[in-house]
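Trainee: Sequence lines, in order, name chains A and B.
Positions in the first sequence are counted from 1; adding 4 to them yields this note's numbering.
Positions in the second sequence are counted from 1; adding 532 to them yields this note's numbering.
Calculated from the structure, these hints are not laboratory results.
Incorrect hints may have been included.
Lysine-lysine pairs mimicking BS3-like chemistry, simulated, CA-CA at most 27 Å apart [unchecked claim]: (1) Lys58(A) - Lys75(A); (2) Lys60(A) - Lys9(A); (3) Lys72(A) - Lys58(A); (4) Lys9(A) - Lys75(A); (5) Lys584(B) - Lys554(B); (6) Lys75(A) - Lys572(B); (7) Lys75(A) - Lys568(B); (8) Lys60(A) - Lys72(A); (9) Lys554(B) - Lys568(B); (10) Lys584(B) - Lys572(B); (11) Lys551(B) - Lys75(A); (12) Lys568(B) - Lys9(A); (13) Lys572(B) - Lys554(B); (14) Lys584(B) - Lys550(B); (15) Lys572(B) - Lys551(B); (16) Lys584(B) - Lys551(B); (17) Lys584(B) - Lys72(A); (18) Lys9(A) - Lys550(B); (19) Lys554(B) - Lys573(B); (20) Lys9(A) - Lys72(A); (21) Lys572(B) - Lys9(A).
The structure displayed is predicted, hence computed values, not measured ones.
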Amino acid sequence: DQQVKQNSPSLSVQEGRISILNCDYTNSMFDYFLWYKKYPAEGPTFLISISSIKDKNEDGRFTVFLNKSAKHLSLHIVPSQPGDSAVYFCAATRGSTLGRLYFGRGTQLTVWP
Amino acid sequence: ETGVTQTPRHLVMGMTNKKSLKCEQHLGHNAMYWYKQSAKKPLELMFVYNFKEQTENNSVPSRFSPECPNSSHLFLHLHTLQPEDSALYLCASSQEWQIHQPQHFGDGTRLSIL
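Same shape as in the complex, but just chain B (with noise of 0.2 Å):
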C-alpha cells in the first residue's frame, strides 16, 4: 500500500468553485505538509502540522485553507483560486517535525484552474 496517498490526482476548476484535495499517510507518522510545484519553478512548502497543529504558513494566500483532522489525514480546501494557481499540489509527511526525518511525498494531485 502506498505510503501517502493523495486524492484526487488531476482536478479541473473554475475561478469560482470551491474544492477539496485530500491526503492520507499510513506511515504512522506525524507531521504533514502541503508544498506546491509550479511549472519550472522549485518545490515550494505551504502548510506544516505537527501532532495536527499548524506550526508553519509560508505566506499562503488565504484562498488556500488547510484542514488536519488527525495525524493521519490531511486536506487543503480551495476556494476562488487564480489561474496561478495551476500547479502540482503535494502532500508529504515525516516522523515528525524535526531535523534528520526525510519527508515521504505522495504522488500530486494536478490542478488546472480556468
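Looking at chain A on its own, in the form it has when it is part of the complex (with noise of 0.2 Å):
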C-alpha cells in the first residue's frame, strides 16, 4: 500500500506562473517531507524539505507547505522557469524508521515558454 501519491502524473505551466504540485500522505507517523527534482538521465536532487513542526518552508523561488490536518504537502515554485521541467518527487520519513524514505510516482513538470 503506498503511502505516499502524487495523485497528478503531469503538470504544463506557462513561464512566469505558480507551478503548484501536490502530495498526500497516509501514515500520520511521518514527520519530515522531502521534494526532489529529477532531470532525464539523472539521479533525483533534493530541493527542499520540511519538518512537521513547521507549516511552511522557502528557498528561492520554491516554498514548500504542509497541512499536517489534511495531510498534504505542497511544493510551489514562482515564477516558473523552462528549467525547472522535470519529474518531481515527494518523499516523508518518521523518525523511528530513520533514513526510510517513502517516495511517491512522481509529477512532470513542464514549464513552457
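Reconstruct the complex from the two isolated chains, following the hints.
Mentor: The following block contains the structure:
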C-alpha cells in the first residue's frame, strides 16, 4: 500500500506563472518531508524539505507547505522557468525508521515559454 | 566531481549471468543506500548501510547481494536475475542513518535482463 501519493502524473505551466505540485500521505507518523527533482538520465536531486513542526519552508523560488491535518503537502515554484521542467518526487520519513524514505510516483512538470 | 558516482550506467545481462553494480560517494557520508525504480512505480528502498553495517534489508530477494567494504563504496552483486528485475537502480548517501538528512543520489544504473 502506497503511503505517499502524487495523484497528478503531469503538470503544464507557462513560464513566469506559479507551479503547484501536490502530495498526499497516509501515515500520520511521518514527520519529515522532502521534495526531489529529477532530470532525464540523472538521479534525483534534493530540492527542499520540511519538518512536521513547521507548516512552511521557503528557499528562493521554492516553497513547501505542510497541512498535517489534511496529510497534504505542496511545492510552489514562483516564477516557473523552463529549466524547472523535470519530474518532481515527494518523499516522507518518520523518526522511528530514520532515513527510510517513502516516495511518491512523481509529477512531470513542463514549463513552456 | 559528481558527489555520488554509479557504474556502469547501463547493463544488459542474461538471467544466468553474474554482474555487480558499483557506487562511490565523495561526500564524506557514512550512510549509503540502494533503491530500485521500476517503470511507473515509486522508488523502493532495498538496502541501507550505516558505517559499513547493514541496517536495513527491505525484503529483497537473495539474488541481490549488497556489499559495503567502506563508507565510500557500495556494491550490489547480481546473480540469476529475473526479467522483472529490469529497472533503474539508484545509489544514495547521507551524512548518517538519521533523520533530517537529505539523501544524495547517483545517476543510476539502467539494468535490462534478457
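Trainee: Against each hint, give a clear statement of whether it holds in the structure.
Mentor: Structure-based check of each hint:
1. Lys58(A) - Lys75(A): 13 Å, holds
2. Lys60(A) - Lys9(A): Distance of about 20 Å is within 27 Å: holds.
3. Lys72(A) - Lys58(A): 10 Å, holds
4. Lys9(A) - Lys75(A): This hinted pair holds, its Cα atoms lying about 11 Å apart.
5. Lys584(B) - Lys554(B): Holds: Lys584(B) and Lys554(B) sit about 15 Å apart, inside 27 Å.
6. Lys75(A) - Lys572(B): 23 Å, holds
7. Lys75(A) - Lys568(B): Since the Cα atoms of Lys75(A) and Lys568(B) sit roughly 26 Å apart, the hinted pair holds (cutoff 27 Å).
8. Lys60(A) - Lys72(A): With a Cα-Cα distance of about 11 Å, the restraint between Lys60(A) and Lys72(A) holds, given a limit of 27 Å.
9. Lys554(B) - Lys568(B): Holds, because 14 Å separates the two Cα atoms, which is no more than 27 Å.
10. Lys584(B) - Lys572(B): Distance ~31 Å between Lys584(B) and Lys572(B) Cα, so the pair is violated.
11. Lys551(B) - Lys75(A): Distance ~42 Å between Lys551(B) and Lys75(A) Cα, so the pair is violated.
12. Lys568(B) - Lys9(A): Holds. Lys568(B) to Lys9(A) sits at ~18 Å (cutoff 27 Å).
13. Lys572(B) - Lys554(B): 24 Å, holds
14. Lys584(B) - Lys550(B): 23 Å, holds
15. Lys572(B) - Lys551(B): OK: Lys572(B) and Lys551(B) at ~25 Å, within 27 Å.
16. Lys584(B) - Lys551(B): 21 Å, holds
17. Lys584(B) - Lys72(A): 35 Å, violated
18. Lys9(A) - Lys550(B): 35 Å, violated
19. Lys554(B) - Lys573(B): 23 Å, holds
20. Lys9(A) - Lys72(A): Judged against 27 Å, a Cα distance of about 15 Å means the pair holds.
21. Lys572(B) - Lys9(A): The hint holds at about 13 Å.
When held up to the earlier numbered hints, the structure conflicts with 10, 11, 17 and 18 and fits the remainder.
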